[in-house]
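Can you make the complete structure from the sequences, with help from the hints?
With positions in the sequence shown counted from 1, the corresponding number in my numbering is that position plus 1416.
None of these hints come from the bench; they were simulated from the model. Values in this document were obtained by computation on a predicted structure and should not be read as measured data. Do not take every clue at face value.
As the list claims (entries may be wrong) - BS3-like, lysine-lysine: derived pairs with alpha carbons at most 25 Å apart:
| id | residue 1 | residue 2 |
| --- | --- | --- |
| 1 | K1477 | K1528 |
| 2 | K1551 | K1583 |
| 3 | K1794 | K1534 |
Stated by the list, open to error - Just the calculated beta-carbon pair ranges, DEER-fashion:
| id | residue 1 | residue 2 | range |
| --- | --- | --- | --- |
| 4 | L1563 | Q1458 | 17 to 25 Å |
| 5 | N1836 | R1651 | 23 to 31 Å |
| 6 | Q1766 | Q1458 | 56 to 64 Å |
| 7 | K1718 | G1516 | 22 to 30 Å |
| 8 | A1642 | D1580 | 46 to 54 Å |
| 9 | A1608 | P1661 | 24 to 32 Å |
| 10 | A1733 | P1701 | 34 to 42 Å |
| 11 | S1475 | L1743 | 34 to 42 Å |
| 12 | E1454 | D1580 | 38 to 46 Å |
| 13 | A1608 | R1651 | 34 to 42 Å |
| 14 | L1457 | P1661 | 32 to 40 Å |
| 15 | Y1524 | T1471 | 23 to 31 Å |
| 16 | E1454 | L1563 | 16 to 24 Å |
A virtual CB, placed ideally from N, CA and C, is assigned to each residue, including glycine.
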Amino acid sequence: MVRLISVSLLIVSVFLPELSLAQTTPWTLQKCINHAFENNLQIKQSALGTDQSETGYLSAKSAFFPSLNASGSHGYNIGMTLDPFTNSFALGAIRSNNFGLSSGVTLYNGFKNHLNLKRARIGLDLAATNLEQSKNDLALMISAAYLNVLFQEEFSTIAILNLDATKRQVDRISKLIDAGAAAAADLLDVKAQEASDFATLISTENSRQLAKLNLVQLLQLSNEEATSFEVVRPRSEDLVTSDIPANASSAVSFAIQSFPEIRAAGLSVDDAYLSLDIAKTNYLPRLFGSYNFGSGYSENIKGADLQPIPFTTQLSANINQSIFFSLSIPVFNSFASRSSVQLAEIGVLQSKYAQESTAQVLTQSIESAWADAFAAQKSLLAQEAALASAELAFANTEIKFEAGAISALEYADSRTLLDNARIN
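Take a look at the structure:
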């Protein structure tokens, strides 16, 4: 008995500091979800995917603009050299400078730029949808872990109540034995029940700690935060319940229209079709236009006084411009274009199958969830009535047990029924 009390005091000493710390940092479910959204690495990675898509969209838009490049050179030609400005040979070291601007633009490439821009827009929507889906998945994981902590706390509370009730019976029978009103053997069954209740308390406390650890790990809390972490039990009046859809089909229809994974699957199909259209542009000709503007200076160009014409004068006089159009018509490229189209067609089929698979999995999940919720709604009413009956029955059993009308075994059976009703 002394050993039992000592271990009980040890448990209290371990958990009381934790409870006192938890009062300063309570965590509601919404706080847990918000913290996870801000700190979870998977969410951060999904957000980076959105940034990448935005960069890709800007790149696709910039493909419509012409390129512009500037160039310049400064050098010396030594020995016999053909001067490009005079078309005559010159001897000795001759200084020359060249300056130029060049611009090029794609005039036609099978509308590939337009298709790439459409695909980039889809990429933006897809990245945002994937981020939303990642947040939904994380919120579900956090909610499940949070509820598990609440469940385990409830089990611990029940275990504490049971142990307390058994201790009272031990004390009562011990007093009866001391008064000579009961036999010592009557105490054995109750003390065995006390030991069993204490073992149950240890088990439930361990399960509670493991459940809390799982939630702490999902939240990726620091050691300091984890030490004082405790969840807040919502009040009954704060709970908001929503009506369950009349049938599973209504729930599935709502999910198909609103869930991000369905939207993501549809966007992936659109993206695959655009990839196919882009691959087909490899069969089409390409038209490219370019413009060049340049000027230069050479010491070999001399005036009437046989002195080199001034630098600025030559730059104005040596201006040259050119405009070019180049047309490229695909004739044969080792079947690379055909292979690209075939791979894109396979990609379309894969995305369609993935879309159908996503819809099937979601439909099955929603149907199962609806069935569970519908059954739970009915079961809740029945379990509430069962709990009320079990509490009345156990109260009557306690009276009989204290009066010595029933055995400790019958008392334990009645208490077990009450425990099950509370848990349910």
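Taking the hints in turn, this is what the structure says about them:
The hinted pair formed by K1477 and K1528 meets the criterion: a straight-line CA distance of about 12 Å does not exceed 25 Å. Simply put, K1551 and K1583 have alpha-carbon atoms about 48 Å apart, too far for the 25 Å limit, and the pair is violated. The hinted pair formed by K1794 and K1534 fails the criterion: a straight-line CA distance of about 50 Å is larger than 25 Å. Look at L1563 against Q1458: about 21 Å separates their beta carbons, and that is inside 17 to 25 Å.
In this structure the hint that N1836 and R1651 lie 23 to 31 Å apart at CB holds, the actual value being about 25 Å. Distance hint check: the CB atoms of Q1766 and Q1458 are about 24 Å apart, inconsistent with the given range 56 to 64 Å. Taking 22 to 30 Å as the suggested C-beta distance range, the pair K1718 and G1516 conforms, at roughly 24 Å. A hinted range of 46 to 54 Å for the beta carbons of A1642 and D1580 is inconsistent with their spacing of about 30 Å.
Restraint check, A1608 to P1661: a C-beta distance of roughly 50 Å breaks the suggested window 24 to 32 Å. In this structure, A1733 and P1701 meet the distance hint of 34 to 42 Å, their C-beta atoms being roughly 40 Å apart. At roughly 26 Å, the beta carbons of S1475 and L1743 sit outside the given window of 34 to 42 Å. Against the hinted window of 38 to 46 Å, the Cβ-Cβ separation of E1454 and D1580 comes to about 42 Å, which satisfies the hint.
Against the hinted window of 34 to 42 Å, the Cβ-Cβ separation of A1608 and R1651 comes to about 38 Å, which satisfies the hint. A hinted range of 32 to 40 Å for the beta carbons of L1457 and P1661 is consistent with their spacing of about 35 Å. The hinted range of 23 to 31 Å is satisfied by Y1524 and T1471, whose Cβ atoms lie roughly 26 Å apart. At roughly 21 Å, the beta-carbon separation of E1454 and L1563 lies within the given 16 to 24 Å, and the hint holds.
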